[in-house]
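So the protein lines, in turn, are chains A and B. Letter by letter, the first sequence follows residues 1 to 128 in our numbering. Letter by letter, the second sequence follows residues 1 to 257 in our numbering.
Calculated from the structure, these hints are not laboratory results. Please note: incorrect hints may appear among the correct ones.
[Claimed, not checked] Which bits of chain A does chain B cover? Going by a derived footprint, with three or more residues having C-beta under 8 Å, they are:
#: 1; region: 7–21
#: 2; region: 90–102
[Stated by the list, open to error] Residues on chain B that point at chain A, a partial pick, calculated with CB under 8 Å:
#: 3; residue: A75
#: 4; residue: S179
#: 5; residue: A248
[To be verified] Here are the simulated DMTMM-like pairs of lysine to aspartate or glutamate, each with C-alpha atoms no more than 20 Å apart in a straight line:
#: 6; chain 1: B; residue 1: K251; chain 2: A; residue 2: D91
#: 7; chain 1: B; residue 1: K14; chain 2: B; residue 2: D53
#: 8; chain 1: B; residue 1: K239; chain 2: A; residue 2: E97
#: 9; chain 1: B; residue 1: K144; chain 2: B; residue 2: D36
Using N, Cα and C, we set each Cβ at its ideal position, and we do this for glycine too.
The chain contents come next:
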Amino acid sequence: MKENNPLSPHIQIYNWHISSLISISHRITGIINIILITLICLWTALLLLGDINYELIQKFFETFFGKFLIMGTVWSFSFQILSEIRHLFWDLGLGFELKTSKITGLLVIFGSFILTIFVFILGRNLIL
Amino acid sequence: MVQINLPPNSKVQKGKYYKDKTGSKNIRKVNIYRWDPSNDENPRIDTYEVDMDNCPSKVLDLLNKIKNEIDSSIAYRRSCAHGVCGSCAMNMDGKNGLACTKPHKEIKGDINIYPLPHLKVQKDLIGDLSTLYKQYESVEPWLKNSKKNDDKENLQSIEDRSKLDGLYECIMCACCSTSCPSYWWNGDKYLGPAVLLQAYRWIIDSRDEERKERLKKVADELKLYRCHTIMNCTNACPKGLNPAKAIASIKKMLATS
């Protein structure tokens, strides 16, 4: 075969399915979560250095970007946890049928947003 | 390695446009990936206007019609036309499948036909599957049994036989392997869903005596564990099999043995 044979198009033309979308999101949120945990650790370390830092960070959290970051963090962790539970069931050999995996996939997507809202309500002391 | 963009010689260009000559009112546009090995041009997408009033129901019929009536230079593999041989596996409407079992009515809008993804193209819709066949050979897909009783059948209980259901039906069309992003990025090392399903078919066979050796051979970070349960394979399989489940079963056997 000649050397210059082209490579057929792959990711450019292939349809996204719920399962492939969640798979890539699972990886991305995984990487983001590592960064977020590092940031949370830094935040706690800064608190030990005095109350000026606390006020500084508090002010940052009051801004739109700060709020977005907090909600994003909650969603990222929610998604990762739910998706990981799905993976644990797969490891047991359960839920591989196309229909089941589609339903659990949708549960992960919607569940991650519901969990985010739930944590928001909990954090605002609106319930409990 | 992950390479999102196509190499320069694989960039797809706009190709020729074949206008309908029959004067039919029921026309669909069919976009087909073309590459001619006899010149140095990049691949292109040719567009054909096809008279749908005189076209049978499947995508393969559509291709045959184009080849017979519009452009005889187009190349693709086909043989049985009944979803048994697996020759006409290709990417239709962004999803892998067999052209002979896929009704074109299911596709909305223009019909886009590409070769199986991430393969070296030999011509038009024909991809080079030699790596996959070598990998298939590497799992030694034959019965290994030391018993020599040529005059008797090698019997299996109904229960043991039923374990092969959903595995023996595989026709090695490569729709699943070429739909798998993991196989795109690590196709030289990762065995891919088709070959792993075949590996599992021999691992689980009660008549085979080398289950342990087979498991040991496949238990490899790259050969097996590049599967991240993306499930594109199961979504793509034109025979309705479940390679993702077969791979998970191998992983489970390795974890529990």
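Structure-based check of all given hints:
{"no.": "1", "hint": "7–21", "result": "holds (count 12)"}
{"no.": "2", "hint": "90–102", "result": "holds (count 8)"}
{"no.": "3", "hint": "A75", "result": "violated (13 Å)"}
{"no.": "4", "hint": "S179", "result": "holds (7 Å)"}
{"no.": "5", "hint": "A248", "result": "holds (6 Å)"}
{"no.": "6", "hint": "K251(B) x D91(A)", "result": "holds (8 Å)"}
{"no.": "7", "hint": "K14(B) x D53(B)", "result": "violated (27 Å)"}
{"no.": "8", "hint": "K239(B) x E97(A)", "result": "holds (14 Å)"}
{"no.": "9", "hint": "K144(B) x D36(B)", "result": "violated (44 Å)"}
In this structure, the earlier hints numbered 3, 7, 9 are contradicted, and the remaining ones agree with it.
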